[in-house]
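Chemist: Letter by letter, the chains look like this.
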Amino acid sequence: MLLPRLGSPSWTLISTSRRHAASASIGHGLLNHLCPVTKHPLFFVRHATHKAQGSVNGGKDGPGKRLGAKKSGEQYVIPGNIIFRQRGTLWFPGENCGMGRDHTIYAKEAGYVKYYLDPEKHPKRKYIGVVYERDQKLPLPRNSARRRRLSLVATVMSEESQEKLEDNLTMSASDVSGVRQQSSGNDAKGLGRHEQLEMSRGYMYRESNWQIGRTAEKSGVKVKPFKPGDRWAAWRKSTARKARNAERRGMRR
Amino acid sequence: MSGYKQVSRPLLLLCRQKALVQEARIHAPTVSRGFTSSRPLRDESLSEAASSPTVALDPALVSTPREEKILMRMGVKPIGSRRRRAALQTCANVPFEQLPYQCFQEARKILLADREEKLREIELERARIARLKEQDAAVSGGEAQKQVRLRSMMDRLERLKILADINDPVVRKRYEDGKGDMNKPIYRYLADKEWRRYRRPLLVQRITQMAVAPDILPHLDPVVDVRLAFGRRNVQPGDFVNSRVSEMPPKLRVQVFDKGERLVSIAIVDPDVPDIESDAFKYRCHFLAANIRLSPTEASLPLSKLSGDTQILLPWLPPFVQKGSPYHRYSVFLLLQPDRKELDVASLRETVERDGFNLRSFTGKHSLRPVGVNMFRGIWDEGTAGVMKRAGVEGANVEFKRRRIEPLKKPVLPLPRKKVEPFWKSR
Numbered sequence: 001m002l003l004p005r006l007g008s009p010s011w012t013l014i015s016t017s018r019r020h021a022a023s024a025s026i027g028h029g030l031l032n033h034l035c036p037v038t039k040h041p042l043f044f045v046r047h048a049t050h051k052a053q054g055s056v057n058g059g060k061d062g063p064g065k066r067l068g069a070k071k072s073g074e075q076y077v078i079p080g081n082i083i084f085r086q087r088g089t090l091w092f093p094g095e096n097c098g099m100g101r102d103h104t105i106y107a108k109e110a111g112y113v114k115y116y117l118d119p120e121k122h123p124k125r126k127y128i129g130v131v132y133e134r135d136q137k138l139p140l141p142r143n144s145a146r147r148r149r150l151s152l153v154a155t156v157m158s159e160e161s162q163e164k165l166e167d168n169l170t171m172s173a174s175d176v177s178g179v180r181q182q183s184s185g186n187d188a189k190g191l192g193r194h195e196q197l198e199m200s201r202g203y204m205y206r207e208s209n210w211q212i213g214r215t216a217e218k219s220g221v222k223v224k225p226f227k228p229g230d231r232w233a234a235w236r237k238s239t240a241r242k243a244r245n246a247e248r249r250g251m252r253r
Numbered sequence: 001m002s003g004y005k006q007v008s009r010p011l012l013l014l015c016r017q018k019a020l021v022q023e024a025r026i027h028a029p030t031v032s033r034g035f036t037s038s039r040p041l042r043d044e045s046l047s048e049a050a051s052s053p054t055v056a057l058d059p060a061l062v063s064t065p066r067e068e069k070i071l072m073r074m075g076v077k078p079i080g081s082r083r084r085r086a087a088l089q090t091c092a093n094v095p096f097e098q099l100p101y102q103c104f105q106e107a108r109k110i111l112l113a114d115r116e117e118k119l120r121e122i123e124l125e126r127a128r129i130a131r132l133k134e135q136d137a138a139v140s141g142g143e144a145q146k147q148v149r150l151r152s153m154m155d156r157l158e159r160l161k162i163l164a165d166i167n168d169p170v171v172r173k174r175y176e177d178g179k180g181d182m183n184k185p186i187y188r189y190l191a192d193k194e195w196r197r198y199r200r201p202l203l204v205q206r207i208t209q210m211a212v213a214p215d216i217l218p219h220l221d222p223v224v225d226v227r228l229a230f231g232r233r234n235v236q237p238g239d240f241v242n243s244r245v246s247e248m249p250p251k252l253r254v255q256v257f258d259k260g261e262r263l264v265s266i267a268i269v270d271p272d273v274p275d276i277e278s279d280a281f282k283y284r285c286h287f288l289a290a291n292i293r294l295s296p297t298e299a300s301l302p303l304s305k306l307s308g309d310t311q312i313l314l315p316w317l318p319p320f321v322q323k324g325s326p327y328h329r330y331s332v333f334l335l336l337q338p339d340r341k342e343l344d345v346a347s348l349r350e351t352v353e354r355d356g357f358n359l360r361s362f363t364g365k366h367s368l369r370p371v372g373v374n375m376f377r378g379i380w381d382e383g384t385a386g387v388m389k390r391a392g393v394e395g396a397n398v399e400f401k402r403r404r405i406e407p408l409k410k411p412v413l414p415l416p417r418k419k420v421e422p423f424w425k426s427r
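Keeping their order, the protein sequence lines are chains A and B. The UniProt record's numbering applies: residue 1 is where the first sequence begins, and numbers increase by one. The UniProt record's numbering applies: residue 1 is where the second sequence begins, and numbers increase by one.
Keep in mind that the hints were calculated from the coordinates and are not lab data. Note that the coordinates shown come from a computational prediction; the quantities given were computed from them, not determined experimentally. Each residue gets a CB set at the ideal place from its N, CA and C atoms; glycine is no exception. Heads up, a few of these hints could be off.
[What the hints assert, rightly or not] The calculated BS3-like cross-link candidates involving lysine-lysine, where the alpha carbons are at most 25 Å apart (straight line), are:
no.	chain 1	residue 1	chain 2	residue 2
1	B	LYS251	A	LYS71
2	A	LYS70	B	LYS401
3	B	LYS401	A	LYS164
4	A	LYS164	B	LYS389
5	A	LYS124	A	LYS71
6	B	LYS282	A	LYS137
7	A	LYS108	B	LYS282
[Said to hold, decoys possible] If you want the ones that stay clear, here's a sample from chain B, every Cβ over 12 Å from chain A, calculated:
no.	residue
8	MET72
9	ARG73
10	LYS77
11	GLU121
12	ASP155
13	ARG156
14	LYS161
15	ILE166
16	ASN183
17	SER347
18	ARG402
[Unchecked claim] Now the stretches of chain A that chain B is said to cover, found in silico as 3 or more residues with beta-carbon under 8 Å:
no.	region
19	78 to 86
20	135 to 145
So here's chain A without its partners, still in its complex pose (with noise of 0.2 Å):
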């Protein structure tokens, strides 16, 4: 540790006199007079450069996040089980595999794990994939047809949407345009009113823009037209809405 010294050294004292005959010669003793450099002991302190309390070096050693296979190689798998837990992509997902929002790896289909090297794909990942046939091998030659599974069922329709077909067996391509079935008679079956409308990019049944646009002109509406300069409906307007957001503000109390 270093101490504070007491006493000024020998060199201040002589740098001091030498400062005060170039002083003098520019004319500015005042100054020194005024803060005479000598007198003032060195004090200095040396703070801590390395934090030792707190949250600095602590956490050490958490829990585990249970990380790692789920599922080992050639282990059944049925769609939706994860098959590895991992942070970051240390495995990418393969053939019929996917990779969820932190970085899972889980199955797509039902069938055998597979942990194997893509050099065709990628040269250094490593994937994950589930085979439907125990002993093949992955990753398929570049140029052969995926192997893919149907796993549907064939269904005879309900009646319901059977008697929908035999009113749609007559339409033809003049029909096409994306929207649904606008004529009356859908009125008279009582369908919905959201059955009549077209169904838009987000997935709802709304107008079109054009047919809002269109609604005060079929109801009717007659707007006054806008006059760039028109002084005096401004003020009417301007007095209505003052007298208005005073009524407003009354009832508010």
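Since the structure of chain A is already known, use the hints to place chain B on it.
Modeler: For chain B alone, kept in the frame of chain A given last:
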């Protein structure tokens, strides 16, 4: 009033003064108008067009959507962009040689000199090729070596032909107007370049992302531009097409970029037909035709106009996707027949089957090379049942549903609860 007109309005107003002066001088409107702003003239032409639609509007000069519509209805396509047509109205149509710009003319001289040089080189190369052809193979280092040299010289000749014309502004203009003669190498080159700039990368992306390439054929490298249209609906690669729209066979526009005539086959294949027995997907061929002549000048290829006797092997079967089935990819393949060799349609018609059609083996058997490809997709929609009924296909009332997969663990049953008597009763 569209944007460019708004912008150019002050300029036009300025010009109009000049125009009025000129009109007073000329009295009658002529075809080659000088620096007229042309408002009076255009009004006149408009009123003419409105009064009698048979009077031809100039497809190089129309600039309003209304005039364009009138022209389109008459079956004439306006030339170039609307912006250019509007600009042409106000400028004199002076040919390049007479334009009064010195720097421009000097630059043209340089380009012309370059063209002359290229033409000389072409002559020289042709003479060299002729000499090499006559030469004995032993002198030129064997037959194989001779062929290699010949091929490289022919390549250079083709390159020179393009280089001779590539800087010609008139050639560029004619190409952009769609008036290029596809028999000439320069126009084929420009068309190919344009196709490879955007449309081909898009197509390649779609066929790789939707796995057409390994699913139907092992590898695809399209060199021919194939465009699809159902009636008036142009189909971009991979579009979903309504089943009612695709009920009639599509119209193809096929642009080849190399010279000569060739024979091709066309196959439209669906690799996503559900097969319940094997719990997998199988192929189905929706259209197959062979011995179709193709040349760079004839682009239009309506499938409905092909000859049923000599070309069509399997007539058009409208695409249909049963309810609940994942989307079907309908891929159109253009297959080049080697050495313009015709396929025997009559005998093939007996062997080829729609269901389970394997394009890999078909191309292998007849050594066909896929040169062009395009695709669209289909899904169950409200018109599919009607399409299936009209096509005489069964199974419109079938709906595919997810098969239940048994969970790996047995469900844990809740323990039987002990019945607890309320305290007031137990007391």
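Chemist: None of the hints should be skipped; say for each whether it holds.
Modeler: Taking the hints in turn, this is what the structure says about them:
With a C-alpha separation of about 52 Å, the suggested pair LYS251(B) and LYS71(A) falls outside the 25 Å cut-off, and the hint is violated. In summary, the hint linking LYS70(A) to LYS401(B) is not supported, as the alpha carbons are separated by about 30 Å, beyond the 25 Å threshold. Proximity of LYS401(B) to LYS164(A) is assessed by CA-CA distance (about 19 Å); at most 25 Å being required, the pair is judged to hold. Of the pairs offered as hints, the one joining LYS164(A) and LYS389(B) holds, with about 14 Å between alpha carbons and a cut-off of 25 Å not exceeded.
Between LYS124(A) and LYS71(A) the CA atoms are separated by roughly 22 Å; this keeps the pair inside 25 Å, and the hint holds. Restraint check for LYS282(B) and LYS137(A): the C-alpha separation of about 22 Å stays at or below 25 Å, so the hint holds. Distance hint between LYS108(A) and LYS282(B) is fulfilled; the C-alpha atoms sit about 21 Å from each other, no more than 25 Å. The non-interface label for MET72(B) is consistent with chain A: the shortest C-beta to C-beta separation is roughly 20 Å, beyond 12 Å.
Every CB of chain A is more than 12 Å from the CB of ARG73(B) (nearest about 19 Å), matching its label as outside the interface. At the 12 Å boundary, the C-beta of LYS77(B) stays outside the reach of chain A, the nearest C-beta of that chain being 25 Å off. Every beta carbon of chain A lies more than 12 Å from that of GLU121(B), the smallest distance being close to 42 Å; the non-interface claim holds. The non-interface label for ASP155(B) is consistent with chain A: the shortest C-beta to C-beta separation is roughly 29 Å, beyond 12 Å.
The beta carbon of ARG156(B) sits about 34 Å from the closest Cβ of chain A, which is more than 12 Å, so the claim that it is off the interface holds. The Cβ of LYS161(B) sits about 36 Å from the closest Cβ of chain A, beyond the 12 Å cut-off, so the non-interface label holds. A cut-off of 12 Å between C-beta atoms confirms that ILE166(B) is not in contact with chain A; the least separation is 37 Å. Interface exclusion of ASN183(B) from chain A stands, the closest Cβ pair being 37 Å apart, more than 12 Å.
No Cβ of chain A comes within 12 Å of the Cβ of SER347(B); the nearest lies about 28 Å off, and the non-interface call holds. Residue-level check failed: ARG402(B) sits 6 Å from the nearest beta carbon of chain A, not beyond 12 Å. Figure legend: the region 78 to 86 of chain A, annotated as covered by chain B; annotation consistent (3 residues with Cβ-Cβ distances under 8 Å, at least 3 required). Closer than 8 Å: that is the beta-carbon criterion, and the region 135 to 145 of chain A has 4 residues meeting it against chain B, so the requirement of 3 holds.
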